[in-house]
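Protein sequences appear in the order of chains A and B. Read left to right, the first sequence gives residues 1 to 418 (this note's numbering). Read left to right, the second sequence gives residues 1 to 274 (this note's numbering).
Treat the hints as calculated values from the structure; they're not laboratory data. Just so you know, even glycine gets a beta-carbon here, dropped at the ideal spot from N, CA and C. Careful, some of the hints might be misleading.
Claimed, not checked - Label-pair distances were calculated between CB atoms; the ranges are:
1) 279(A) with 62(B): 20 to 26 angstroms
2) 252(B) with 250(A): 35 to 41 angstroms
3) 141(A) with 138(B): 40 to 46 angstroms
4) 297(A) with 250(B): 48 to 54 angstroms
5) 124(B) with 39(A): 37 to 43 angstroms
6) 286(A) with 5(B): 54 to 60 angstroms
7) 252(B) with 412(A): 50 to 56 angstroms
8) 340(A) with 137(B): 31 to 37 angstroms
9) 117(B) with 122(A): 44 to 50 angstroms
10) 137(B) with 66(A): 29 to 35 angstroms
11) 355(A) with 27(B): 45 to 51 angstroms
12) 11(B) with 285(A): 56 to 62 angstroms
13) 11(B) with 284(A): 49 to 55 angstroms
14) 49(B) with 285(A): 44 to 50 angstroms
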Amino acid sequence: MRYRWLAVATSAALVASMAAGCGRDSGGGQEAAKDVAEGKASGEITVWAMGTEGEKLGEFAKAFTAENPDAKVSVTAVPWDSAGQKITSAIAAKATPDVSMIGTTMQGEIAKTGALDPTPTDLFQKDSFFPGAWDTTVVDDTAYGVPWYVETRGIFYRTDLAQKAGFPDGPKTWDDLKAMAKAMQTKAGAKWGVNLQPGKTGSWQSILPFGWSNGAEINSDDKYTFDTPQMTEALTYYQSFFSEKLSPTNLPEGALEPAFAKGEIGAFMSGPWHVGILNEQGVKGKFAVAPMPSKQSSTSFIGGSNIAVFKDAKNRDAAWKFLQWLSKPDVQAKWYQTVSDLPAVQSAWDDTALSGDPMLKVFGEQLKSAKAPPAFPTWTQLAATFDVEAEKVCVGGSDPAAALKAVQSQADSIGTGS
Amino acid sequence: MTRDRVAKLSLYAILCAGLLVVVGPFLWMLLSSFKPEADIRSVPPTWWPSTWTLDHYRDLFDRLDFPQYFANSAIVAVLVTAGNLLFCSLLGYALAKLDFPGRKALFLTVLGMLMVPGMVTFVPQFVLVSNLGLANTYAGLVLPFLAGPFGVFLMRQFLLAIPDDLIEAARVDGAGEWRIFWRVVLPLCKPALATLGILTFLSSWNNFLWPLVVATTDDKYTLPVALALYAIGQNRIYYGLLLAGAVVVVVPVLIVFLALQRHFMRGIATTGLK
Numbered sequence: 001m002r003y004r005w006l007a008v009a010t011s012a013a014l015v016a017s018m019a020a021g022c023g024r025d026s027g028g029g030q031e032a033a034k035d036v037a038e039g040k041a042s043g044e045i046t047v048w049a050m051g052t053e054g055e056k057l058g059e060f061a062k063a064f065t066a067e068n069p070d071a072k073v074s075v076t077a078v079p080w081d082s083a084g085q086k087i088t089s090a091i092a093a094k095a096t097p098d099v100s101m102i103g104t105t106m107q108g109e110i111a112k113t114g115a116l117d118p119t120p121t122d123l124f125q126k127d128s129f130f131p132g133a134w135d136t137t138v139v140d141d142t143a144y145g146v147p148w149y150v151e152t153r154g155i156f157y158r159t160d161l162a163q164k165a166g167f168p169d170g171p172k173t174w175d176d177l178k179a180m181a182k183a184m185q186t187k188a189g190a191k192w193g194v195n196l197q198p199g200k201t202g203s204w205q206s207i208l209p210f211g212w213s214n215g216a217e218i219n220s221d222d223k224y225t226f227d228t229p230q231m232t233e234a235l236t237y238y239q240s241f242f243s244e245k246l247s248p249t250n251l252p253e254g255a256l257e258p259a260f261a262k263g264e265i266g267a268f269m270s271g272p273w274h275v276g277i278l279n280e281q282g283v284k285g286k287f288a289v290a291p292m293p294s295k296q297s298s299t300s301f302i303g304g305s306n307i308a309v310f311k312d313a314k315n316r317d318a319a320w321k322f323l324q325w326l327s328k329p330d331v332q333a334k335w336y337q338t339v340s341d342l343p344a345v346q347s348a349w350d351d352t353a354l355s356g357d358p359m360l361k362v363f364g365e366q367l368k369s370a371k372a373p374p375a376f377p378t379w380t381q382l383a384a385t386f387d388v389e390a391e392k393v394c395v396g397g398s399d400p401a402a403a404l405k406a407v408q409s410q411a412d413s414i415g416t417g418s
Numbered sequence: 001m002t003r004d005r006v007a008k009l010s011l012y013a014i015l016c017a018g019l020l021v022v023v024g025p026f027l028w029m030l031l032s033s034f035k036p037e038a039d040i041r042s043v044p045p046t047w048w049p050s051t052w053t054l055d056h057y058r059d060l061f062d063r064l065d066f067p068q069y070f071a072n073s074a075i076v077a078v079l080v081t082a083g084n085l086l087f088c089s090l091l092g093y094a095l096a097k098l099d100f101p102g103r104k105a106l107f108l109t110v111l112g113m114l115m116v117p118g119m120v121t122f123v124p125q126f127v128l129v130s131n132l133g134l135a136n137t138y139a140g141l142v143l144p145f146l147a148g149p150f151g152v153f154l155m156r157q158f159l160l161a162i163p164d165d166l167i168e169a170a171r172v173d174g175a176g177e178w179r180i181f182w183r184v185v186l187p188l189c190k191p192a193l194a195t196l197g198i199l200t201f202l203s204s205w206n207n208f209l210w211p212l213v214v215a216t217t218d219d220k221y222t223l224p225v226a227l228a229l230y231a232i233g234q235n236r237i238y239y240g241l242l243l244a245g246a247v248v249v250v251v252p253v254l255i256v257f258l259a260l261q262r263h264f265m266r267g268i269a270t271t272g273l274k
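Bound conformation, chain A alone (with noise of 0.2 angstroms):
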């Protein structure tokens, strides 16, 4: 996420540009959805994948192709690194493929420009994902697309040291991650008791968490709402563990996994795809994952990918037919098994590669109650200004109470976009 903040802000700017001028805005209203005709799927399907499922989709989806055999699955792998301006360019040339995956981030200024198809109600039921998931999907009260994968956030931490600091099974509130860090610290010799985001680009997915779990809400229906009583005292006990030194503000780039190694950071936050590096750092069994520490709930921030249509779709229902089948969940739990990525399917979990592994469970029970920030269009550009603001409050020491009202006068000024 981090390494995309000029694409984001690029692609920011040319769709609101496009939402103005091209005059196929979807309207601020909800819109119908068309069913899919039935019977087997055929001709080409056209797909935008990026990275990793983009390199493994094309050879995943002949099992697809194998139960229909007369259609065709082509799949372009697209880089991460500029994903975004990509698909709004190819939507302002009336270019688009079919199907796009679509990051979650991504998703509410991309509807916004009305190149998506609303998603077929008769085709996928809204219960079988995990309701966060599907939030992210939903933009003016229309789902357009469908979860794919999923991601979370949880405490990583050394049970060695967790152990000698007296907290042998993680954090469970608040005031045991502080004590935990501490202890860390003055028991079992780390130099910093836990690593947290000091602000910069993505931080949101730190801070919003704590926010979330000491009942917060950053949106009510249609209107930001950043300078609550609740999200100010999340943000002051964020801001707290780098006033207490208890985390680095200035740890440089890829530095975070060898000191976990070394044992000089007891613990950071972060999500499932850290326990594939740090095995290869060789911490492999000094280590686990323990849910976001409780206020008044235990919240995480839930991330990942959709996968969406597009309404200029030369194969509109195959295309939606192969989004049905990529949503059952022996094919989401095969997904996870090619290429790691976290079913966004719900009783896919059931299947014993995922329900398993004690740290996947942390993960998926964390995944039930976890949120994403609304859907809207401007959500993207005032995720950057979030950022800047949280940098000030934890590297430079401003007050948190001052930081969210400037994020929220920046939300007043510019509107959910919807």
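With chain A's structure known, arrange chain B on it following the hints.
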């Protein structure tokens, strides 16, 4: 004598320090492309790999359809460079040496185009290319870059310095306009052409966003796009693969530079004189 030696020594010391600053990152890139992933991420960074590995290069050539991407990059960069050399020198010559109505306005237009950031024209340009049916073709990758305002400006400035008398003399001898351009003017422009050539080649070779957007199937991707696809994930960067790829991408540029180095230096020297 000793004073001279001290001066010389300190000069070399300064030059060496400068060289280290310039070459250091490249050296680190080269050495690190042979390190295991954990080694690359170590803090403080190390120079020498703790164990040498070819894994990243193997990964690069196994997973990427390397010859295809390399060929795409080379085709695009060579055509774009050739186009720029031809068209920019033609227009530069016209603007510098030929008298025709609207010359000044044309030159001002070229200067104006220099001031427009690429981001502004990016999407309209793509819509245009797409409507012409050129999306996902080599033509779509090459055509928009065949001539650029910077190249025209550079050539015009250089051509201004060529004495009019030389062109007059050729005309008196009965040479036609084409002949004058090809036989008299162009050979004198070698330094400027070398400069323009390497700058164009470099920017085309490194171009990322345009090929990313224009190519809609992987077989039209250029090297930087392919590299970004494999080395930059949603939540992490594969540094080893990225560095190995960077090494491989840099080599052709180095070859072009070394080949044109002599002219290039002269080009910079002469543009500096004016």
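**Message:** Under the constraints set out in the numbered hints, which ones does this structure not fulfil?
**Reply:** Going through the list in order, the structure violates hint 14 alone and respects the others.
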